[in-house]
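Sequences listed follow chains A and B, in order.
Residue 224 in the numbering used here sits at position 219 of the first sequence; the count goes up by one each step and never skips.
Residue 220 in the numbering used here sits at position 215 of the second sequence; the count goes up by one each step and never skips.
It should be emphasised that the hints constitute simulated quantities derived from the structure, not laboratory data.
Please note: incorrect hints may appear among the correct ones.
Cut-off 20 Å, straight-line C-alpha distance, at most; resulting in silico cross-link-like pairs (SDA-like, lysine to any residue) [unchecked claim]:
1. 193/B / 60/A
2. 193/B / 233/A
3. 193/A / 231/B
4. 193/A / 92/B
5. 193/B / 93/A
6. 193/A / 193/B
7. 193/A / 21/B
8. 197/B / 233/A
9. 193/A / 232/B
10. 193/A / 197/B
11. 193/B / 300/A
12. 193/A / 279/B
13. 193/A / 233/B
14. 280/B / 189/A
15. 28/A / 60/A
16. 280/A / 197/B
Computed Cβ-Cβ distance ranges for the label pairs, DEER-style [stated by the list, open to error]:
17. 100/A / 94/B: 20 to 26 Å
18. 163/A / 155/B: 43 to 49 Å
19. 102/B / 163/A: 28 to 34 Å
20. 99/A / 74/B: 16 to 22 Å
21. 197/A / 94/B: 14 to 20 Å
22. 222/A / 140/B: 50 to 56 Å
23. 303/B / 300/A: 57 to 63 Å
In silico contact screen, one side only, chain A against chain B (beta carbon under 7 Å); selected entries [what the hints assert, rightly or not]:
24. 27
25. 233
26. 235
Built from N, CA and C at the ideal position, the CB exists for glycine as well.
Number of protein chains: 2
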Amino acid sequence: MQLITVGTVAFDRIETPFGVAEKTVGGAATYISLAASCFLEKMGLVSVVGDDFPADVMAQLEERGVDLKGLEVLRGKESFFWAGRYHYDMNTRDTLETRLNVLLDLDPELPTEYTSAPYVMLGNLDPVVQGKVLDQMAGTPALVVMDTMNFWMDSAMEKLKEVIARVDILTINDAEARQLSGEHSLVKAAAKILDLGPKYLVVKKGEHGALLFGQDRVFFAPALPLEDVVDPTGAGDTFAGGFVGYLARTQDHSFDNLKRAIIVGSAMASFTCEKFGIERLVEISREDIDERIQQFVELVDFDIELVEN
Amino acid sequence: MQLITVGTVAFDRIETPFGVAEKTVGGAATYISLAASCFLEKMGLVSVVGDDFPADVMAQLEERGVDLKGLEVLRGKESFFWAGRYHYDMNTRDTLETRLNVLLDLDPELPTEYTSAPYVMLGNLDPVVQGKVLDQMAGTPALVVMDTMNFWMDSAMEKLKEVIARVDILTINDAEARQLSGEHSLVKAAAKILDLGPKYLVVKKGEHGALLFGQDRVFFAPALPLEDVVDPTGAGDTFAGGFVGYLARTQDHSFDNLKRAIIVGSAMASFTCEKFGIERLVEISREDIDERIQQFVELVDFDIELVEN
Chain A
6 MQLITVGTVA FDRIETPFGV AEKTVGGAAT YISLAASCFL EKMGLVSVVG
56 DDFPADVMAQ LEERGVDLKG LEVLRGKESF FWAGRYHYDM NTRDTLETRL
106 NVLLDLDPEL PTEYTSAPYV MLGNLDPVVQ GKVLDQMAGT PALVVMDTMN
156 FWMDSAMEKL KEVIARVDIL TINDAEARQL SGEHSLVKAA AKILDLGPKY
206 LVVKKGEHGA LLFGQDRVFF APALPLEDVV DPTGAGDTFA GGFVGYLART
256 QDHSFDNLKR AIIVGSAMAS FTCEKFGIER LVEISREDID ERIQQFVELV
306 DFDIELVEN
Chain B
6 MQLITVGTVA FDRIETPFGV AEKTVGGAAT YISLAASCFL EKMGLVSVVG
56 DDFPADVMAQ LEERGVDLKG LEVLRGKESF FWAGRYHYDM NTRDTLETRL
106 NVLLDLDPEL PTEYTSAPYV MLGNLDPVVQ GKVLDQMAGT PALVVMDTMN
156 FWMDSAMEKL KEVIARVDIL TINDAEARQL SGEHSLVKAA AKILDLGPKY
206 LVVKKGEHGA LLFGQDRVFF APALPLEDVV DPTGAGDTFA GGFVGYLART
256 QDHSFDNLKR AIIVGSAMAS FTCEKFGIER LVEISREDID ERIQQFVELV
306 DFDIELVEN
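Extracted from the complex, chain A is given alone in its bound form (with noise of 0.2 Å):
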């Protein structure tokens, strides 16, 4: 088991002002072990669903190295859904329903096997829940990267605190960092974070891209600018899912090697904005992704001589 994923499956309804995704596979884990299994070979998954979600994505999920013995399904109960609305910026939305369902069971045992996995991601989901994982892994993982949101800052800050204290990269969007430190500037938000526990804070601004601080450092990477966006839900998971998923790949926690990983997590963040769900995510090939990243690179090529006197 090179790596474990705690978070949502789920299904999600999806406004944009340009069209809607009636009931598509989604959540956390589910776009974060996809995008993970482009790089690596075997993956766990811990979750919970309903005996209602489709059994040709659970095998779609198995054939990719997703090992689905810490996926709950609890029969006669349905899958957590959640239904959005996108703006005509397609950068902000609103939730217009959350429905639990099987999420308010969800107290995960982590088969035996999944406990000494060196990579473990925490996707956004109850602090408490994310704690517990950790509670159960056997020795310290190599690295454990945590997703969150604001719900969580305001409902249970403490709890959040303690579990960002256990974690080595804390991903969050720019509105986050602001609210989890206090301070509008990210140069002194990053570092009030980072002084909260974790050694890097990768802060997600969607479409503006993404920002990696570590003690003393920064590092930038753009979104891709896309012809078509057809719906952004799962491109931070996606993100996260590439990024850790490159990380337990590369065993190399440098600053250089996690900004590569940055750049994967943003190509593969592409992808997913391209298509509904996780259509485009599950058909993207090795090829696709190089091709991708080669896009990257020469969005922000550039030779600079300082300016002679």
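Dock chain B against the given chain A, drawing on the hints supplied.
Then chain B, alone, in the frame of chain A:
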């Protein structure tokens, strides 16, 4: 005369969540000229002020090589005045007051030596005035860069498009690119705007950086994450001044050199944000600029091998 700039020279009253500047010198042509003067010896400025405009600022401009024969001073009249208030995000603002004052009388007559300037910067202004400046040029300038804003799209779209058709490079923000083109995707917006005439489009995204679009080419430059943003007023104009100043100095309009000019413009803009008004811009040295450009190099620098199978 290496460059002439037309645009406002003004007083601003600026409120941010963190401070207020009651009456500070501003205006597009002021920022553009000051930024360009870091790279050039001899520039002309075309604008109008009242006799309330401070003589020491005019002297400062002249010391930096900005010729003021094109700056009309109207006795007994007041300079253009703008007041604005920034939101907490420091990336959006409301206009509180606009007193056009002398701007109503701006009908520029170019001094003869201005008419052969190879580089022309049309700062944000009534497109009729921008057009009149181009009408007076003797022959075709080597490069014309134009800035504008949504106000002119709302009130004078046809006149605006006539001027856009005559310039080489247009600089606007992302919302304006969407408004001007009627396209949400910036990739599609850029294609439509380039069809209007310009060879290149620069999309300014404030704290989220800038995009350069050419025919089938795109380049992205981030904004530098700053410890403190004191006042973003004039950052876009400073960007344009650094951009066109660097191009006028290097006289190279290749895509690779435009990319360098974008980085130089972004570096210059980052200084402007560090203090109110033009305070920071007038105090920086060549060494400060070189050091900051180096920070941009490090901010986006990465090397990546394609992911091996």
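Results for each hint:
1. 193/B / 60/A: violated (39 Å)
2. 193/B / 233/A: holds (8 Å)
3. 193/A / 231/B: Distance ~9 Å between residue 193/A and residue 231/B Cα, so the pair holds.
4. 193/A / 92/B: holds (19 Å)
5. 193/B / 93/A: Holds. Residue 193/B to residue 93/A sits at ~15 Å (cutoff 20 Å).
6. 193/A / 193/B: violated (36 Å)
7. 193/A / 21/B: Judged against 20 Å, a Cα distance of about 18 Å means the pair holds.
8. 197/B / 233/A: holds (15 Å)
9. 193/A / 232/B: holds (6 Å)
10. 193/A / 197/B: violated (39 Å)
11. 193/B / 300/A: holds (17 Å)
12. 193/A / 279/B: Status holds; Cα separation ~15 Å.
13. 193/A / 233/B: holds (8 Å)
14. 280/B / 189/A: holds (16 Å)
15. 28/A / 60/A: Holds, at roughly 15 Å.
16. 280/A / 197/B: Violated, because 24 Å separates the two Cα atoms, which is more than 20 Å.
17. 100/A / 94/B: 20 to 26 Å: Roughly 21 Å apart at Cβ, these two residues keep to the hinted range, so it holds.
18. 163/A / 155/B: 43 to 49 Å: Because 44 Å falls inside the window, the suggested range holds.
19. 102/B / 163/A: 28 to 34 Å: At roughly 45 Å between Cβ atoms, residue 163/A and residue 102/B fall outside 28 to 34 Å, so the hint is violated.
20. 99/A / 74/B: 16 to 22 Å: Given about 56 Å between the Cβ atoms, the range is violated.
21. 197/A / 94/B: 14 to 20 Å: holds (18 Å)
22. 222/A / 140/B: 50 to 56 Å: holds (51 Å)
23. 303/B / 300/A: 57 to 63 Å: Cβ of residue 303/B to Cβ of residue 300/A: about 22 Å, so the range 57 to 63 Å is violated.
24. 27: Violated - the Cβ of residue 27/A stays beyond 7 Å from chain B, reaching only about 23 Å at its closest.
25. 233: holds (6 Å)
26. 235: Check failed: Cβ of residue 235/A comes no nearer than 11 Å to chain B, outside 7 Å.
In summary, the structure is inconsistent with hints 1, 6, 10, 16, 19, 20, 23, 24 and 26 from the numbered list given earlier, while agreeing with the others.
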